[in-house]
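Asker: Work the whole structure out from these sequences, hints included.
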Amino acid sequence: MPQHKEQKSDLSREEAIDRIWQLAEDIDMCMFVTWDGEYTRARPLSARVHRNENAIFFLVNAESAKNGQLERFPKVTMAWSNNSSYKYVTISGHAKVTNDRSKIEQLWEKTDEAWWDSAQDPEIRLITVAPDESELWDSPGKMVAVAKMVMSAITGAKPDVGDNAKVEL
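Numbering-wise (our numbering), the sequence shown opens with residue 34 and increments by one.
Take the hints with a grain of salt, since some may be wrong.
[To be verified] Straight-line Cα separation of at most 25 Å, SDA-like style, residue types lysine to any residue; simulated pairs:
#, residue 1, residue 2
1, K108, Y72
2, K129, D150
3, K143, N115
4, K129, P155
5, K136, W170
6, K143, S97
7, K129, S172
8, K199, G101
[As the list claims (entries may be wrong)] Between beta-carbon pairs, the in silico distance windows are:
#, residue 1, residue 2, range
9, E58, S135, 17 to 23 Å
10, N116, G70, 28 to 34 Å
11, A98, A152, 20 to 26 Å
12, N116, N85, 24 to 30 Å
13, E96, S151, 17 to 23 Å
14, S135, N87, 17 to 23 Å
15, F106, M62, 21 to 27 Å
Quick caveat, the hints were computed from the structure, so don't treat them as lab data.
Every value quoted in this text rests on a predicted model; they were computed, and no experiment measured them.
We treat Cβ as the ideally placed atom computed from N, Cα and C, and that holds for glycine.
Answerer: Next up, the structure:
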């Protein structure tokens, strides 16, 4: 596994990891990016973030192009974005598609009824991602970030608009 230089941040490695997991859980919807052998493909999915299992889960349809892509190319990237507060997280890892009915039942939420009748729907599959690296961009908020960028434009100094950290998970 390649070693990545951790970025300059006021956060310790442990604080960055905590913040990454928390933001991914809080933001929920992510862009789930796969590779099809020619292009990257991204689609929005609701993430079930379970740090205690070191896993991120997704409920998906059995007949989906992404499932075939994951069989051939299991490395994925997930990107969470909270534009209103300038908070962003990416997590990369290895994904696997299964038909784990017990886990699907455990992860089932009322909102899933928009896509399937129940957790017993035979068309549901489970994608499990084991994360291995992540990056965080965490601003103190839009107003502070904008003010710092304006001051930077006036003074010519580079703005410090929050924490950026790249860590292995």
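Asker: Mind checking the alpha carbons of K199 and G101 for me, to see if they're no more than 25 Å apart?
Answerer: Since the Cα atoms of K199 and G101 sit roughly 29 Å apart, the hinted pair is violated (cutoff 25 Å).
Asker: Return holds or violated for the Cβ distance of E58 and S135 against the range 17 to 23 Å.
Answerer: holds (22 Å)
Asker: Is the hinted pair K143 and S97 satisfied, with a Cα-Cα distance of at most 25 Å?
Answerer: Distance of about 22 Å is within 25 Å: holds.
Asker: Take the C-alpha atoms of K129 and S172, compute the straight-line distance between them, and say whether it is at most 25 Å.
Answerer: At roughly 33 Å apart (the allowed maximum being 25 Å), S172 and K129 break the hint.
Asker: Holds or violated: K136 with W170, Cα cutoff 25 Å?
Answerer: violated (31 Å)
Asker: Keeping to a limit of 25 Å between CA atoms, is the pair of K129 and P155 held or broken?
Answerer: Within the cut-off at roughly 18 Å; holds.
Asker: Does the beta carbon distance between N116 and G70 stay inside 28 to 34 Å, or does it fall outside?
Answerer: holds (31 Å)
Asker: Do the Cβ positions of A98 and A152 conform to the proposed distance bound of 20 to 26 Å?
Answerer: For A98 and A152 the Cβ distance comes to about 23 Å; the hint holds.
Asker: A range of 21 to 27 Å was offered for this pair. Does it hold for the Cβ distance of F106 and M62?
Answerer: holds (23 Å)
Asker: Given the range 17 to 23 Å, decide if the beta-carbon distance of E96 to S151 lies inside it.
Answerer: Given range 17 to 23 Å: holds, Cβ gap about 18 Å.
Asker: Given the proposed pairing of K108 with Y72, does the C-alpha separation stay at or below 25 Å?
Answerer: Since the Cα atoms of K108 and Y72 sit roughly 13 Å apart, the hinted pair holds (cutoff 25 Å).
Asker: Taking only the CA atoms, is the gap from K129 to D150 under or equal to 25 Å?
Answerer: The given pair, whose Cα atoms are some 24 Å apart, holds under the 25 Å limit.
The structure fails to meet hints 5, 7 and 8 from the earlier list, while all remaining hints are met.
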